[in-house]
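**Student:** Below, each chain spelled out in residue letters.
Number of protein chains: 2
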Amino acid sequence: MTDDLPKGFRAGTAAAGFKTTGRDDLGLIVSDRPAVAAGLFTQNAFKAAPVLVCQELLRRGGPVLAVLANSGQANACTGDEGIVNCRATQLLAAQAAGLAPNDILPISTGVIGAQLRMNLWRAAIPALVQSLGRRDAEGFTRAFMTTDAFPKFASRDIGLSGGGARLTVMAKGAGMICPNMATMLCVALTDAATEREPWQAMFRRAVAFTFNRVSVDGDTSTNDTILGLANGASGVAVQSPADLALLEEALTGILGQVAHMLVMDGEGAGRVIHITARGAADETDAERVARSVGHSQLVKTAIYGGDANWGRIVTAVGYSGARFDPDRVSMALCGVERFCHGQPVNDDQEARLAELLRGKDVTVEIDLCAGSGEYTLQASDLGHEYVSLNADYRS
Amino acid sequence: MTDDLPKGFRAGTAAAGFKTTGRDDLGLIVSDRPAVAAGLFTQNAFKAAPVLVCQELLRRGGPVLAVLANSGQANACTGDEGIVNCRATQLLAAQAAGLAPNDILPISTGVIGAQLRMNLWRAAIPALVQSLGRRDAEGFTRAFMTTDAFPKFASRDIGLSGGGARLTVMAKGAGMICPNMATMLCVALTDAATEREPWQAMFRRAVAFTFNRVSVDGDTSTNDTILGLANGASGVAVQSPADLALLEEALTGILGQVAHMLVMDGEGAGRVIHITARGAADETDAERVARSVGHSQLVKTAIYGGDANWGRIVTAVGYSGARFDPDRVSMALCGVERFCHGQPVNDDQEARLAELLRGKDVTVEIDLCAGSGEYTLQASDLGHEYVSLNADYRS
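Residue numbers (my numbering), protein chains in the order written: chain A, 2 to 396; chain B, 2 to 396.
Just chain A, same shape as in the assembly (with noise of 0.2 Å):
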């Protein structure tokens, strides 16, 4: 079951009761040996109790062993005890498991602003640590997945040149609909050698060019976290900078695929929005029009109801505050340009676009004319599903 995970890793879940479904809803990855450790967290100002521990650790800079995950409960906006809390989740896994708690990193999604109910934490925990080892890279990432439609992993092989490593993402992260749970918690793990630096900068690298490209409903979430555990089981180890760049690569590649498997969650529900800014005078300009396109409901709702009302569209670049001359902006939607330099196309292209508005993806490209900017964001439609799964999502 385990040979999935990359070498020296093993996986074990629970059912611990935090959802009332009976599946399971904790698990623990656990290294063989000390594993160099990389962090990135969300930027919202109140982080939940496990983001600041986990920040905390990494700060130390030493190794670390396993990683804690949970669903059902954040232990996020729950003060001074959701800390007291956290550290004492990590002080009985460590116990079960003979590892000391700062070995531990700890990582949890669900309902903001209850307490972990730690009865539940003491029961589950034996069962926990005995399946240590029977679970493979599915397993572990249902334990943490919430109201996702699927569970989000992908392994890769890398030839370096000291020889065969492995890469493993595991994710949990609704996009389509249920931005509910924007929380997105992501493990990585390696068997390749590789030293603290270069390895935390390759995921800032990384997740810029992925899960920050990816946009739901801009609700940043208290939780958000992305871990990656490297433990060199492998023998091999990365040094020069050639095995550093196909290491990278390998990391960008897969989460840029994990992250598109959070936009496309809604199987069947909904539709994915590429929206490409070019022509931006920077390409923080470019980032602006695209996030104000990408997190506008106007526009979300139309293309929900496959409707090719573009000025919608054009309005969101209006307001996002990037700089252009609007006499020269041109807009294109499933590449059937509708306004060229400031004026609208009115051609006899309706039902065409209203066909090509059936489909899952929609692409829509923004040329503002005043750079060489350029940025693209994948974002979800807004439609009933993300109503309903939202309005009454606690109980």
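20 Å max Cα-Cα, derived SDA-like pairs, lysine to any residue:
1) B:Lys20 with A:Asp308
2) A:Lys20 with B:Asp308
3) A:Lys361 with A:Gly307
4) B:Lys361 with B:Gly307
Partial list, computed: chain A residues near chain B (C-beta under 10 Å):
5) Gln44
6) Phe47
7) Lys48
8) His296
9) Gln298
10) Cys341
11) Pro345
12) Asn347
Hints listed in this document are in silico derivations from the structure and should not be mistaken for laboratory results.
By construction, the Cβ of each residue, glycine as well, lies at the ideal position given by its N, Cα and C atoms.
Could you slot chain B onto chain A? The hints should help.
**Tutor:** Frame of chain A; chain B shown alone:
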């Protein structure tokens, strides 16, 4: 019929056929003497043709005699042809009513991107001009409504030092459920005599405290316009600081009344969220917090569902960009404290909150404990009616 408008103003309307319902969609207000004009316009970079034409007219600084309003077509993103068409509508109305084209301020709302159907304009102008003097404030307001559930207008009589004057405000813009029409058009008329500078200045201040504190979906329209005409037909002049203060007080009050109507529009279909951010480092930070909460899709869907999911509110405060210490922030929902100096308040108020959340008005109070900045905002919720109305607006 016309006694509700200030003295010297006549209104007329017609059904031109821009809308398929057969309802009035064209309106004209004519003053019997030159009026001092004020105007405020959208900040969107793509300004509709009538916005550009009004701005040019107001820059000249001379008096005006009329307002020409239509619904069904926004004449926005219509390029050079849109400007030519807008000027042609001024000319048609001027010729029929015995005015000069530049006496007339045009305002439009409706679908973006389509050119005006000039043949319908030509056919409808004679009936429009013939009806002058036969419509009241409600009739004129109805002619530029779109999906508004009810017409929004109000009048006040003001006692000034020289005698009585009247102020009438007519507006469109559907708040709660039809934010597609976030386009806000507003015409204010008074028969008091005032000078241009203070008249314009009091509009700027009054709008900052009223319309600018209402949020529906954050989409800033291409057509937003507020016009103020003062024709002096009452024979009462506003000159002393005391008179100016009285007029400004009346204007602010009446615009506030109409702004509330905008948010209340979706009668029976949604809730109004009254957000107050206080204790911010400055007013800008308070506004950041209020808008972050008021624009959050997760907060808006929770309120729609009557779900006391207060963690989403704190989360939106957390990514607002305002400066504060997370450990000092407090938050109350419907007057029930849920978060106190960074700690959750986990008392047994869920049943009471669920009851309070059944009301039409929901209050959210946030205290940042970081200074004395304060800002209030009224926001709409986000429900199925919004999605239905906006997913297929054009057809």
